[in-house]
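Starting from the known structure of chain A, fit chain B onto it as the hints suggest.
Chain order of the listed sequences is A and B. Number 16 in my numbering belongs to position 16 of the first sequence; there are no gaps in the numbering. Remember, my numbering sits 1000 above the position in the second sequence when you count from 1.
Simulated from the structure, these hints should not be mistaken for laboratory data. One or more of the hints may lead you astray.
[What the hints assert, rightly or not] Partial list, derived from the structure: chain A residues whose beta carbon lies under 7 Å from chain B:
1. Ala46
2. Thr65
3. Glu69
4. Leu72
5. Ala75
6. Gln76
7. Ser79
8. Tyr101
Only a predicted model underlies this, so the values are computations on that prediction, with no experimental measurement involved. We put the CB at the ideal spot given by N, CA and C, even for glycine.
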Amino acid sequence: MAASQRHETQATAGILGFASMPIVLVVAAMIVGLAALLPLVQSSGATTTVGDITTLQQQRDDWQTRLEEEQLKVAQMSSLSAIRKIAVERLHMGEADDIRYITVDAPAPAADTVPSQLLPEEQPQPQTGNSLLDDIIGLLP
Amino acid sequence: MAGKRKRWSNSTWRIWAVIGLIALGGFAIVARLVQLQIIDHPRYAEAAREMHLSQEIISDRRGAILDRNGYPLAASQDAYNVMVERDAWANPEDAQYAATQLSSATGVPAKTMIDIVNSVDVFEVPVAKGLNFTQATAVRNLQLNGVRLIDDPVRVYPEGNVGAQLLGFIGSDGAGLTGLEADLNAVLGGAAGSITYERDAIGQELAVGERSETPAQPGANVVLTIDRYVQQIAEQELKKAIDAHQASGGSVVVTQPRTGQVLAIASYPSFDLTKPNLNDPKTADGIRNRAVTDAYEPGSVFKLITTATALDLGLVTPETPWFDSGEITFGGWTIRNWDLSSHGDETVQGMLTKSLNVGAAWVASLCGPDNFYNYVQAFGFGAPTGSGLSGEVSGSIRTPQTAPDDWGPVDLATNSFGQGLTVTPLQYAMALGAIANGGTLMKPQFVREVDGPDGLQAIQPEVVRQVIKPETSRTLLDMMGVVADSVSSDYLSVPGYKVGAKSGTAQVADGAGGYKATYISSFAGVVPLENPQLSIIVKVDEPKDVPWGTVVAAPVFSGIAQKVLPYLNIPPGGKAAGG
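Isolated chain A (complex conformation) (with noise of 0.2 Å):
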């Protein structure tokens, strides 16, 4: 009976002492190995992001910039030295010289437009119904 028990015994120490310590101390060493590499990866995903992020952001601008130059590039191809040069070089045009009114019974034509994105954007009208307090309150007798 004795004998048997320390045979489990060096057994179970041989399984946990011999052969499976060098095991634990490496499962262990690969644990915290990396564990310490966990604020690593986490760093370098969040700088990858950052990066991304920063990239993200030029194009953006950098799109913004272009608009905004091509804005301009409009700007001076409608100012009013263009107009001229474009009707008296392409076009051909002149300044009359015998300019002959006629007087007509109509009215007077609408204005000028301006082309749409050259005009300040229009404000959205603020709603002028009755609130769902006053509809409430309506049904009220």
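Leaving out everything else, chain B in the frame of chain A:
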């Protein structure tokens, strides 16, 4: 025993001395640590924070200045400067390589950039300025060590120098220096923001460091009442007259009488808005917006004010007769007509049509000084118009109340035909607008809308006061029509439209109570007479050949009206004025 005690005592003393010294040193170290880490902790923590934190002031785009139809007159365009750290170019080979690379992107010679870096003893120096977006992208893609780009936006003027004095320009710091750029700087400039970030040893932002940002507020776009075409025409016609008569300068103001909105305000000489050279005295002279900064004696155009006063008081009608003896005496001073002749039996209409000084003085004497000056001030003379433009002057009106020791009866007479008092072209334009607007004086309006982060804000026209009765206004307009009809079509011709007008020719005051041998020619007109949509005041300074307002200034009015009326789709009414 005693010897042992002595030796023991000596060694004990030494041990305690050493222990004491060590304890003292330890205490000093602890005290110092307490001072550094507890007492002075905030200060050192802040210093440490500052050492690895960088802050950049950021500003958003400056708002644009647009004409009444939304066409930009001044706008900001992104531009970039290339900054180089001196230390990064300390090695000549590295510098040569980087400069060669930069040169291909910027167009600036490599040697020039290296010389710039070596010529100064600062941390960082700009080696190329004003790069456009394409060039800046090329520089950025080079990814050179110690080289970075900074924003340095430039102001561009799609319409060139149109409205130069009104618009003004900005300084190198982006703030407005003159004109509307200065007057509306708070609106156009927005608010600066900042970025604070943690940096590494070479100044680069840490990807996962501390970062905070206060965003900049963009400037608002300002929509003016100015019409770019009307402004350009006004400037061209004014310059044409100045060149033709070798005049020293001039001003034109074009307004809408009903709203007080200014469609054009031109002054000459002008300056190059795109490249203002402040070292050039001519530039300083050209920057002045003479229509608001220069007061002058208006001369005979002021007879309209005198006539309006008498008509409104019911003292005269256009047909009221009077006798022109060619001279009239006030306080011992004799007033004569401009042609030094008498015209016999005349009417008030004749006084205005022939521009008779004697008649104007007689009409003013009927009104009396109190009434006369009350109306003069009610028309807005002697006080700023409230335009909001910097540098605006009030002009000078002396009355028995304001200058009891410096005013005499003769001043009433001379004032009646626009001598002895000073006004600005803008003041007169608004008074003329009141005559054309049923007697209602409007505040001059230059800004129509402000389109900013808080939304679109529309500026409404503002009534100052009712100066004369609507009936008086109509009567005076008809009288101005008669005056305009009497002007030769060689000088005043607006086919299809009937015009109301009055010319003026005034000697230039010498500042010492006398007059120089030079003149200011002016012309004030409204069109169409039946329902005035435009009022135009033209002033030409010191023409060399002829002084007459009809000859010098009326053609400017004609040139503007001929082109602007069809452009604004203002239908003609009544018979043509002049030819």
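Outcome of the hint check:
no.: 1; hint: Ala46; in the structure: holds, 5 Å
no.: 2; hint: Thr65; in the structure: holds, 5 Å
no.: 3; hint: Glu69; in the structure: holds, 6 Å
no.: 4; hint: Leu72; in the structure: holds, 6 Å
no.: 5; hint: Ala75; in the structure: holds, 4 Å
no.: 6; hint: Gln76; in the structure: holds, 5 Å
no.: 7; hint: Ser79; in the structure: holds, 5 Å
no.: 8; hint: Tyr101; in the structure: holds, 4 Å
In this structure, none of the earlier numbered hints is contradicted; all agree with it.
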